[in-house]
Amino acid sequence: MLTEALLILLNSLFYALVIFAVSSGFNLIFGVMKIVNLAHGHFYSLAAFISAFLLLNTKIEPIYLAFLLPFLAALITSLVGLAFEVGLLRPIYRKPYYLQILLTLGVIYIFNDLFCIIFGRAPLQPTEICKAPGSIIIFNQLYPLYNLIVIGVSFTIGVILWLLLYKTKFGIALRAVSLDTEISLALGIDIKKIYTLTFVISVALAGIAGGFIVPVIAASLGIAEEMLILSLIVTIIGGMGSLKGALISSLIVSIFRSFAIFAFPEFELLVIYLVATIVLLIRPVGLFGGG
Amino acid sequence: MGMTEKSKSIDRREFLKWLGVIATSGAVGATLGYFATPSKIVEVEKPPPSLKIPETPVKIGFQTYYTGAPSILAEPIAKGVKLAVEEINAEGGFLGKRPIQLLEKDEGTVDDTKKGYIKLVEEDKIDYYLGLISSSNTSAIAPIAEDLGVLTIFIGGCTNNVFEEIDKNPHFVFRIMPPDSVSHVGLAIMTVLTWPNIKKIAHLHPDYSFGHDAYMYINAVLEKLLPDFEIVYEGWPPFQATDFSSHISSIIAAKPDVLFTVVWGNDFTLFYKQALGYGLFNQIKVASGYSHGITPNKGPEKDYPEGCIAGFHGTYYFTNPPIESWPLNKQFVTNYHNKFGEYPNYGAESGYAGMYALKLAIEKAAKITGGWPDVDKVIECLEGLQWLTPSGCRYIRPEDHQAYKNAVYGISSNVPEYNFSVATNITYIPVEKIMQPPGIKAIDWIKNTWPKLY
Amino acid sequence: MKIFSLPLSSLKIFIYGVIVLFCVSLPYILPSYYISILCYGLVFGIASLGFTFLFKNVGLLSLGHAAYFAVGAYSVALFMKYFSIHSIELLLMISIFSSLLLSAIYGFLCVRHTQVYFALLSLALAQLIWVAINKFYFITYGADGIHVARPTIFGMNFSWIGSTEFIAKVFYYYILAILLVLVGVTWIIINSPFGRSLQAIRDNEVRAKFIGIKVRLYKWYAFLFSGTITGISGALYAVLNNHVVPEIANWTFSGEIIIISLLGGLDYLIGPVAGGIIYSFMRIYIWGITIYWKLLLGIVLLTILFLIPGGLISVIHKIMRAQIIFYHHSKRPNTSSLNPKRKMKSNLATT
Numbered sequence: 018m019l020t021e022a023l024l025i026l027l028n029s030l031f032y033a034l035v036i037f038a039v040s041s042g043f044n045l046i047f048g049v050m051k052i053v054n055l056a057h058g059h060f061y062s063l064a065a066f067i068s069a070f071l072l073l074n075t076k077i078e079p080i081y082l083a084f085l086l087p088f089l090a091a092l093i094t095s096l097v098g099l100a101f102e103v104g105l106l107r108p109i110y111r112k113p114y115y116l117q118i119l120l121t122l123g124v125i126y127i128f129n130d131l132f133c134i135i136f137g138r139a140p141l142q143p144t145e146i147c148k149a150p151g152s153i154i155i156f157n158q159l160y161p162l163y164n165l166i167v168i169g170v171s172f173t174i175g176v177i178l179w180l181l182l183y184k185t186k187f188g189i190a191l192r193a194v195s196l197d198t199e200i201s202l203a204l205g206i207d208i209k210k211i212y213t214l215t216f217v218i219s220v221a222l223a224g225i226a227g228g229f230i231v232p233v234i235a236a237s238l239g240i241a242e243e244m245l246i247l248s249l250i251v252t253i254i255g256g257m258g259s260l261k262g263a264l265i266s267s268l269i270v271s272i273f274r275s276f277a278i279f280a281f282p283e284f285e286l287l288v289i290y291l292v293a294t295i296v297l298l299i300r301p302v303g304l305f306g307g308g
Numbered sequence: 037m038g039m040t041e042k043s044k045s046i047d048r049r050e051f052l053k054w055l056g057v058i059a060t061s062g063a064v065g066a067t068l069g070y071f072a073t074p075s076k077i078v079e080v081e082k083p084p085p086s087l088k089i090p091e092t093p094v095k096i097g098f099q100t101y102y103t104g105a106p107s108i109l110a111e112p113i114a115k116g117v118k119l120a121v122e123e124i125n126a127e128g129g130f131l132g133k134r135p136i137q138l139l140e141k142d143e144g145t146v147d148d149t150k151k152g153y154i155k156l157v158e159e160d161k162i163d164y165y166l167g168l169i170s171s172s173n174t175s176a177i178a179p180i181a182e183d184l185g186v187l188t189i190f191i192g193g194c195t196n197n198v199f200e201e202i203d204k205n206p207h208f209v210f211r212i213m214p215p216d217s218v219s220h221v222g223l224a225i226m227t228v229l230t231w232p233n234i235k236k237i238a239h240l241h242p243d244y245s246f247g248h249d250a251y252m253y254i255n256a257v258l259e260k261l262l263p264d265f266e267i268v269y270e271g272w273p274p275f276q277a278t279d280f281s282s283h284i285s286s287i288i289a290a291k292p293d294v295l296f297t298v299v300w301g302n303d304f305t306l307f308y309k310q311a312l313g314y315g316l317f318n319q320i321k322v323a324s325g326y327s328h329g330i331t332p333n334k335g336p337e338k339d340y341p342e343g344c345i346a347g348f349h350g351t352y353y354f355t356n357p358p359i360e361s362w363p364l365n366k367q368f369v370t371n372y373h374n375k376f377g378e379y380p381n382y383g384a385e386s387g388y389a390g391m392y393a394l395k396l397a398i399e400k401a402a403k404i405t406g407g408w409p410d411v412d413k414v415i416e417c418l419e420g421l422q423w424l425t426p427s428g429c430r431y432i433r434p435e436d437h438q439a440y441k442n443a444v445y446g447i448s449s450n451v452p453e454y455n456f457s458v459a460t461n462i463t464y465i466p467v468e469k470i471m472q473p474p475g476i477k478a479i480d481w482i483k484n485t486w487p488k489l490y
Numbered sequence: 215m216k217i218f219s220l221p222l223s224s225l226k227i228f229i230y231g232v233i234v235l236f237c238v239s240l241p242y243i244l245p246s247y248y249i250s251i252l253c254y255g256l257v258f259g260i261a262s263l264g265f266t267f268l269f270k271n272v273g274l275l276s277l278g279h280a281a282y283f284a285v286g287a288y289s290v291a292l293f294m295k296y297f298s299i300h301s302i303e304l305l306l307m308i309s310i311f312s313s314l315l316l317s318a319i320y321g322f323l324c325v326r327h328t329q330v331y332f333a334l335l336s337l338a339l340a341q342l343i344w345v346a347i348n349k350f351y352f353i354t355y356g357a358d359g360i361h362v363a364r365p366t367i368f369g370m371n372f373s374w375i376g377s378t379e380f381i382a383k384v385f386y387y388y389i390l391a392i393l394l395v396l397v398g399v400t401w402i403i404i405n406s407p408f409g410r411s412l413q414a415i416r417d418n419e420v421r422a423k424f425i426g427i428k429v430r431l432y433k434w435y436a437f438l439f440s441g442t443i444t445g446i447s448g449a450l451y452a453v454l455n456n457h458v459v460p461e462i463a464n465w466t467f468s469g470e471i472i473i474i475s476l477l478g479g480l481d482y483l484i485g486p487v488a489g490g491i492i493y494s495f496m497r498i499y500i501w502g503i504t505i506y507w508k509l510l511l512g513i514v515l516l517t518i519l520f521l522i523p524g525g526l527i528s529v530i531h532k533i534m535r536a537q538i539i540f541y542h543h544s545k546r547p548n549t550s551s552l553n554p555k556r557k558m559k560s561n562l563a564t565t
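Chain order of the listed sequences is A, B and C. Note that the working numbering gives residue 54 to position 37 of the first sequence, counting from 1, and the numbers run on in steps of one. Note that the working numbering gives residue 200 to position 164 of the second sequence, counting from 1, and the numbers run on in steps of one. Note that the working numbering gives residue 273 to position 59 of the third sequence, counting from 1, and the numbers run on in steps of one.
Hints listed in this document are in silico derivations from the structure and should not be mistaken for laboratory results. Just so it is clear, CB atoms sit at the ideal spot from N, CA and C, and this is done for glycine as well. A hint or two may mislead.
Using 25 Å as the maximum straight-line C-alpha spacing, the simulated PhoX-like pairs for lysine-lysine come out as follows [what the hints assert, rightly or not]:
no., chain 1, residue 1, chain 2, residue 2
1, A, 148, B, 403
2, A, 76, B, 334
3, C, 383, B, 150
4, B, 334, A, 148
5, C, 532, A, 112
6, B, 150, C, 532
7, C, 226, B, 204
8, A, 148, B, 150
Among chain C residues calculated to face chain A with C-beta under 10 Å, some are [said to hold, decoys possible]:
no., residue
9, 242
10, 243
11, 245
12, 273
13, 342
14, 422
15, 423
From just these sequences and the hints, can you work out the full model?
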């Protein structure tokens, strides 16, 4: 029984860190730029598609070099994100919030079909890289090593993010901007640069998550919306503008989901929404929110 | 398997006797089944040229998923239909005089499909309609078809509800693929046949009515066939789920003997690839209703474990009937492969069969009326029609307009001729054993009339 | 612009009369098939009317209005199926009640939040409805949906008419009547003291609170009204479509409601309706041309946001203004001068 519980916890960790990578980017964009980027899920799936495409169409030996491909996908996605920020978001920075929401809503529709046109409608599944590392025995059960690698990568990214935000000058500037844009401007911080960098970093985060998870879950058209809704729920529970909140609520959501699947399989979907509602009733700004 | 085991488990011989199951060796006989001998199927000759038939094309409306997740199962239906249309038009069309003009529309949400259907009927003025695979759509379109009076042949959309509740006495509506109950019941029977000693059962089905129906039917059958069994786990991933890892871990933790699953399409591919990493197949036998149901070339690859029960809605697998003994299948598979570069799945075969049913009914009706038949005459000829198709012999029941054929299941294995996992040991289950007679709901038929086999 | 006085009232009446005559005689001019598309447009228009009311007058962007639409639609379907209620009057009342109930609960949860949080929460809560409809498939038949038979209107069955004729020649008038009533009620509310309070809340919540307006309570009332209108449109949809499926609760449909509002123009009371009609026809014909209609929809949305934020009615308005007959398009002829702030707020391209 204990080993089963531990395995379920491991699975939750796997998915939680992926959700965290995407939703922390979403949170960051809102905290710093005050923009709700509904298209964030689509950057995640864009990276997934590119990564799948690269993995399926290139034969790299030795296989461990193929692990660079998801990073390449994330890089390409970041460039797309850059173009997106400069082209579409800059004109609307000072505009009311609903304009941003509607803009990114329209972008979702466009991205949906664009991905269809570029990548086709069938899901892309590059499973070879998933099987290459093999499986190891954990807690008396077979467990794919690839999942552990993903957990490792996500964890490293999280640490790098934390270091960036709290131990570098750039991080200080970023946090300053998220607290008060006008004073930051008065202090001489280059807001435009911060905005752009924030957006690109957030998209890169989502891109790495997407690039690495694709061998496990396959790039299909539904993953963008699925990840968006999860990011929203995580943000609602954790509170806008809080990195710690994003991490903890990603874990909460993922653990609840995994245990629900194990114990109450009928209510898997409802559990997540229930948790969100309860949190909101008790603490409307989210567990760590306030920003 | 000692003597004590035998007394508790189901007696295989009794079971086989009750089923009347026929294995591959009797392929031809099995395909014809109980209800037809070749002599009863009369070839209808081409009508004499003197028959007054207009030469204008016949407009047939067609809808299926060309895009979207179900398209992996549904899009081959279009290919099967188009192959049939090509063959028929090569001889000049229906009755050699009227070519078929196929008007295609995408199948989608109920709203969109409905609008497409109505547009086909009212604006494009189609003569007949073929298509659909989604149960939501057939449930919605059936009453509309009856209302508008258009001969509508559903290829799929196999929820039992269509003819059990929504359209109990259909006039204009027909369906080619067997109802879902046949697929699920057959899966359960095949499983017990292959592994009679199972005790602990796990279920993994997509979380919508299709999956819940499978759960209901499979359990109802197991209750009649197995003296004692225990459901140790049930999992309900959403349709188009992407992450099965939690389900997989939970299934392994529950230690079942067998896992029943009707997860289909891309979801199934994802599931088995993920499950391989956790070693699910090492300890657990898997009975899948749809593992080999999509186009074989896109289906499970050689890494799919051998010895699992392979399903295709109980309808058709391209290797059977063997092409040496059944020329229709040989012709169909060869032509299909030449034209599309892949092998047909059960959707393609059903689409092909459906178009030919229409052709044969029109020919029969034309012979009776001596001219181009009106729709009621065609319907009359469709009812009770028996015709030969690549998968065997089919028969359309007059009472509920449902096409009737023996159910087929296989066992997954890897063979050198194909670079994907194939289903072998194809087993036929006589249709009258797993499909309810008209007038009674499938679930009631199983629960109330089936004997307990222990 | 305010030089139009008495001589034009008779012109106004004449124009209104012509429009009414036109609408009433449409089923006899156009084929029934087009009238049914028009009916869908009107129903979607009513749905967006609910959304627009909340957005324009209270400043709350609801990303989950599809939930109320679905609840209204499923109320009709479920009560007809399980309780054999066939009277449309009764079914409408049940739909009103259930969407009122849902709006009350969801409104309570949502109005404690503002702006972004409100939008996100409304989205998440709406998804809950979608999940519930799919989950409780033994009642709702899940993805298959529920078939809706023809209800009786004023006790009459119209069984002698086929379904397309029923839609075009009978139900069309019913929808039209309800639309007119709802537009009228909305107009009255917008111009009432309650409506003014809402606009005050929209413009500056803190100030509104300081002058004594019960901000949260009024927001909640507005939410109730908005949700109920969309619920009524859902009920009409159930009858029109003969079928309800869970997809009408999904956020993609909420997005479509928003696009319809923008398409027509948020400024005008008939904007959502115009948007609904245009959208309905667009969908049939664009969907007929290309499968990539979402791409086009997205481009349309972005174009509107950047180029014509006032929607299509505003374009017509501007053209017509030059010809001095614009009154018959804007059913709120005096508001532009009465409330300059609204005029500014309505232009999405400026702050």
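Hints and how they fare:
no. : hint           : in the structure
1   : 148/A to 403/B : 61 Å, violated
2   : 76/A to 334/B  : 20 Å, holds
3   : 383/C to 150/B : 20 Å, holds
4   : 334/B to 148/A : 19 Å, holds
5   : 532/C to 112/A : 24 Å, holds
6   : 150/B to 532/C : 38 Å, violated
7   : 226/C to 204/B : 55 Å, violated
8   : 148/A to 150/B : 44 Å, violated
9   : 242            : 37 Å, violated
10  : 243            : 34 Å, violated
11  : 245            : 31 Å, violated
12  : 273            : 8 Å, holds
13  : 342            : 5 Å, holds
14  : 422            : 18 Å, violated
15  : 423            : 17 Å, violated
Of the numbered hints listed earlier, those contradicted by the structure are 1, 6, 7, 8, 9, 10, 11, 14 and 15.
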